[in-house]
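Trainee: The primary structure of each chain is shown beneath.
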Amino acid sequence: MVPILEVRDLQVAYRSRSGDLFRALEGVSFYVEPGEVLGILGESGSGKSTLAVSLLGLFPRNSIVAKGAVLFQGRDLLKIEPEQLQAIRGKSISLIFQEPSVSLHPTMRVGRQVRQVLVAHRMGDRGELDRRTSEVFETLFGQDAERIVRSYPHQLSGGQRQRVLIAQAIACRPSVLVADEPTASLDPTTQMEILGVFRELQKSLGLTMIFITHNPALLSGFADRLLVLYGGRIVELGPATGVLASPKHPYTQALFRSIPSLDEAHDARKRNLPAIPRDSNLSSPPRSSCPFEPRCPERMEICKSEDPRFVNLSDSHVVSCFKYEGQ
Amino acid sequence: MPPLIEVENLAKTYYRRRLAGPREEVRALDGVSFSISRGTTLAIVGESGSGKSTLALCLACLERPASGCIRFGEKDILQAGEKDLRAIRRNIQLIFQDPGSSFNPRWKVLEILIEPLALQGNFSRDEMRLRARALLEQVGLSSSMEEKLPSELSGGQRQRLAIARTLMLEPKLLILDEALSALDCSVQAQIANLLVELQSSLGMTYLFITHDLAMAAHLADEIAVMSKGRIVEQGEPDRILRQPENGVTRELLAAVPRLDFAGTRVPES
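Chains as they are written, first to last, in the working numbering: chain C, 1 to 327; chain H, 1001 to 1269.
Isolated chain C (complex conformation):
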């Protein structure tokens, strides 16, 4: 299958006010198949949000795209004209952020806010715009659609506001939806509900989804493949079930171990969780070394002086770690 999205050797850095260069993404390459859900697992500082905006060519002013390509249906989004990018963004590739409470206009009814997206992309005459708006609200709100369309954001719950954001994102029937921590501000039951909404939409609209989160449990039973990002690099990539059940990279393993489980044994309660020691370095790690080396329980000499290479384990599961070289 021809991938719908392909990222090739993407390198993005930010220049701070003091002139320092912070390398957010250091040569990231992966592809996404049409109709799949790719989960991107990353914590603060991993480069995940930079990756999210890169997929739409939305680079902040102080960023430098040193290298790389983002191919959508074969076209490099980093090289096309701004007007062409404008036509693709929101219409063919959409992005959902984390905070619905600040993303919606407080004094405009939500129906109109969704309709505006359709207007901006010139999706038809007035009748067509009304029809499409009703349709997307029905998809997301069912019987409550008519009431919600007329509401203001403050009259809605957190979960409903998130559904409105999703409505905006899918109004133009994009082929790809990128969601960056879309459930972070929601209660657990609402979170489950929204994950269900994504799953449903993904099936019914044949959407390709890229779901970015720091919580691996959210990707369980949801993502088809899982990509683990650390220090601006991919450290592990493979089928979600495989990576979740049997993580291979020391970071992924350490991360999963540090999360308290409901099945925790009684005498493990109130004991130390096996947390990853120290902090992930906020400033750029030196090049030509593994970004996880300072905190890795299995670090070796070579990890400090060379860039780990990708090793193919079974079943399209790759890991970037010297531990697996020679296997």
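None of these hints come from the bench; they were simulated from the model. Backbone N, C-alpha and C fix where the C-beta goes; we use that ideal spot for every residue, glycine too. It is possible that part of the hints are untrue.
[Said to hold, decoys possible] Subject to a maximum C-alpha distance of 35 Å in a straight line, what follows is the list of computed DSBU-like cross-link-like pairs (lysine-lysine):
#, chain 1, residue 1, chain 2, residue 2
1, C, Lys91, C, Lys79
2, H, Lys1108, H, Lys1172
3, H, Lys1075, C, Lys270
4, H, Lys1228, H, Lys1083
5, C, Lys270, H, Lys1228
6, H, Lys1148, H, Lys1108
7, C, Lys67, C, Lys91
8, C, Lys323, C, Lys304
9, C, Lys270, C, Lys323
10, C, Lys304, H, Lys1148
11, H, Lys1172, C, Lys270
12, H, Lys1148, C, Lys270
13, H, Lys1172, H, Lys1228
14, H, Lys1075, H, Lys1228
15, H, Lys1108, H, Lys1083
16, H, Lys1148, C, Lys67
17, H, Lys1075, H, Lys1172
18, H, Lys1172, H, Lys1148
19, C, Lys203, C, Lys79
20, C, Lys304, H, Lys1108
21, H, Lys1108, C, Lys270
22, C, Lys304, C, Lys67
[Stated by the list, open to error] Simulated restraints on C-beta separations:
#, chain 1, residue 1, chain 2, residue 2, range
23, C, Gln86, H, Ser1201, 56 to 66 Å
24, C, Arg299, H, Gln1079, 57 to 67 Å
25, H, Ser1033, C, Gly124, 58 to 68 Å
26, C, Pro34, H, Ser1035, 56 to 66 Å
27, C, Pro60, H, Asp1126, 36 to 46 Å
28, H, Glu1024, C, Pro106, 15 to 25 Å
29, C, Glu146, H, Arg1027, 24 to 34 Å
30, C, Thr107, H, Arg1106, 31 to 41 Å
31, H, Ser1035, C, Thr107, 45 to 55 Å
32, H, Gly1203, C, Arg150, 49 to 59 Å
33, H, Phe1123, C, Pro274, 35 to 45 Å
34, C, Thr107, H, Ser1067, 29 to 39 Å
35, C, Val119, H, Pro1022, 33 to 43 Å
Given chain C, put chain H in place with the hints provided.
Mentor: Then chain H, alone, in the frame of chain C:
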């Protein structure tokens, strides 16, 4: 030994004006009772709207309940005079989800730490600095952080600073209102470990408010489940997780995202 804090029948109603018709009555707390023994952790688990944050504010003396009783040590907080209240407030400290917004962005770490003691007026500059540095170490922040601004710290480091700042006053009870919720998963583990360690070394008592049932079960001696202003179920973590009796508890359990989830998520229809 008597409990450190005893809450009895706490009630608080908020009123919301509507555009048309009578004002709306929101019963944030509707008869809440519990107690916490010294050196232990009570977790309050619930969703937004359950009243857990209102509870935190009332216990921290930042909101006044309409009725009920809060006994701290021997004093009833709601009957206490200003002088007693000042002592009580020092002993009950609150940590929020977003520590960043409670720090003066122009102050350095050391200054932020010293402020609570400086406001008391009983200590010399040197004494305060000494205590601040000791606490920095205790919460796992290096002394090189002293001169940093809050914006230069990570989320986890800011939360450690918030904890250190509360410890400057040697409180007996720490109320943590979703204090870990905004942190990355691996950082949550680090801060949870710090809390456990401080409880063991300083005898801290915690009221841990969260919607994260797994973390609550890990940290707490007892869990109270709140819904619509009431405690609907209370018990030891093992019992609550394995034999939940209340529908709300079961719903919260079902909503915990599990790393080892074997099937496919079925969307709600």
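Trainee: Now look at each hint and say whether the structure bears it out.
Mentor: Cross-check of the supplied hints:
Restraint check for C:Lys91 and C:Lys79: the C-alpha separation of about 18 Å stays at or below 35 Å, so the hint holds. The suggested pairing of H:Lys1108 with H:Lys1172 holds, with an alpha-carbon distance near 26 Å, which does not exceed 35 Å. With a C-alpha separation of about 30 Å, the suggested pair H:Lys1075 and C:Lys270 falls inside the 35 Å cut-off, and the hint holds. Annotation: proposed proximity of H:Lys1228 to H:Lys1083 holds, straight-line Cα distance about 34 Å (limit 35 Å).
The suggested pairing of C:Lys270 with H:Lys1228 holds, with an alpha-carbon distance near 29 Å, which does not exceed 35 Å. Between H:Lys1148 and H:Lys1108 the alpha-carbon distance is near 5 Å, which keeps this suggested pair within the 35 Å criterion. With a C-alpha separation of about 26 Å, the suggested pair C:Lys67 and C:Lys91 falls inside the 35 Å cut-off, and the hint holds. Between the alpha carbons of C:Lys323 and C:Lys304 the distance comes to roughly 13 Å, so the proposed pair stays at or under 35 Å and holds.
In summary, the hint linking C:Lys270 to C:Lys323 is supported, as the alpha carbons are separated by about 33 Å, within the 35 Å threshold. Distance restraint check for C:Lys304 and H:Lys1148: the Cα-Cα separation of roughly 28 Å lies within the 35 Å cut-off, and the hinted pair is therefore satisfied. With a C-alpha separation of about 19 Å, the suggested pairing of H:Lys1172 with C:Lys270 holds against the 35 Å cut-off. For the suggested pair H:Lys1148 and C:Lys270, the alpha carbons sit about 32 Å apart, so the restraint of at most 35 Å is met.
With a CA separation close to 28 Å, the supplied pair H:Lys1172 and H:Lys1228 stays within the 35 Å bound. Simply put, H:Lys1075 and H:Lys1228 have alpha-carbon atoms about 28 Å apart, close enough for the 35 Å limit, and the pair holds. At most 35 Å may separate the alpha-carbon atoms for a hinted pair to count; H:Lys1108 and H:Lys1083 meet this at roughly 31 Å. Distance restraint check for H:Lys1148 and C:Lys67: the Cα-Cα separation of roughly 33 Å lies within the 35 Å cut-off, and the hinted pair is therefore satisfied.
Between H:Lys1075 and H:Lys1172, the direct Cα distance comes to roughly 14 Å. Compliance with the 35 Å bound is thereby established for this hinted pair. Between H:Lys1172 and H:Lys1148 the alpha-carbon distance is near 28 Å, which keeps this suggested pair within the 35 Å criterion. A threshold of 35 Å between alpha carbons decides the hint, and for C:Lys203 with C:Lys79 the separation of about 32 Å falls inside it, so the pair holds. For the suggested pair C:Lys304 and H:Lys1108, the alpha carbons sit about 33 Å apart, so the restraint of at most 35 Å is met.
Only pairs whose Cα atoms come within 35 Å are accepted, and H:Lys1108 paired with C:Lys270 is accepted, the gap being roughly 33 Å. With a C-alpha separation of about 24 Å, the suggested pair C:Lys304 and C:Lys67 falls inside the 35 Å cut-off, and the hint holds. A C-beta distance of roughly 58 Å is found between C:Gln86 and H:Ser1201, which places it inside the suggested range of 56 to 66 Å. The hinted window of 57 to 67 Å between C:Arg299 and H:Gln1079 holds, with their beta carbons roughly 59 Å apart.
For the pair H:Ser1033 and C:Gly124, the beta carbons lie near 59 Å from each other, so the given range of 58 to 68 Å is met. As the Cβ distance of C:Pro34 to H:Ser1035 is approximately 58 Å, the hint placing it in 56 to 66 Å holds. Our hint of 36 to 46 Å for C:Pro60 and H:Asp1126 holds, since their Cβ atoms are close to 44 Å apart. Remark: the range hint 15 to 25 Å for H:Glu1024 to C:Pro106 is upheld by a beta-carbon distance near 20 Å.
In this structure the supplied range 24 to 34 Å holds for C:Glu146 paired with H:Arg1027, their Cβ-Cβ distance being about 30 Å. For the hinted restraint 31 to 41 Å between C:Thr107 and H:Arg1106, the CB-CB distance of approximately 33 Å keeps it satisfied. Taking 45 to 55 Å as the suggested C-beta distance range, the pair H:Ser1035 and C:Thr107 conforms, at roughly 46 Å. Taken as a hint, the range 49 to 59 Å holds for the pair H:Gly1203 and C:Arg150, whose Cβ atoms sit roughly 56 Å apart.
The given range of 35 to 45 Å is respected by H:Phe1123 and C:Pro274, whose C-beta atoms sit roughly 39 Å from each other. One distance hint, 29 to 39 Å for the beta-carbon pair C:Thr107 and H:Ser1067, holds here, with the actual separation near 38 Å. As the Cβ distance of C:Val119 to H:Pro1022 is approximately 39 Å, the hint placing it in 33 to 43 Å holds.
When held up to the earlier numbered hints, the structure conflicts with none and fits them all.
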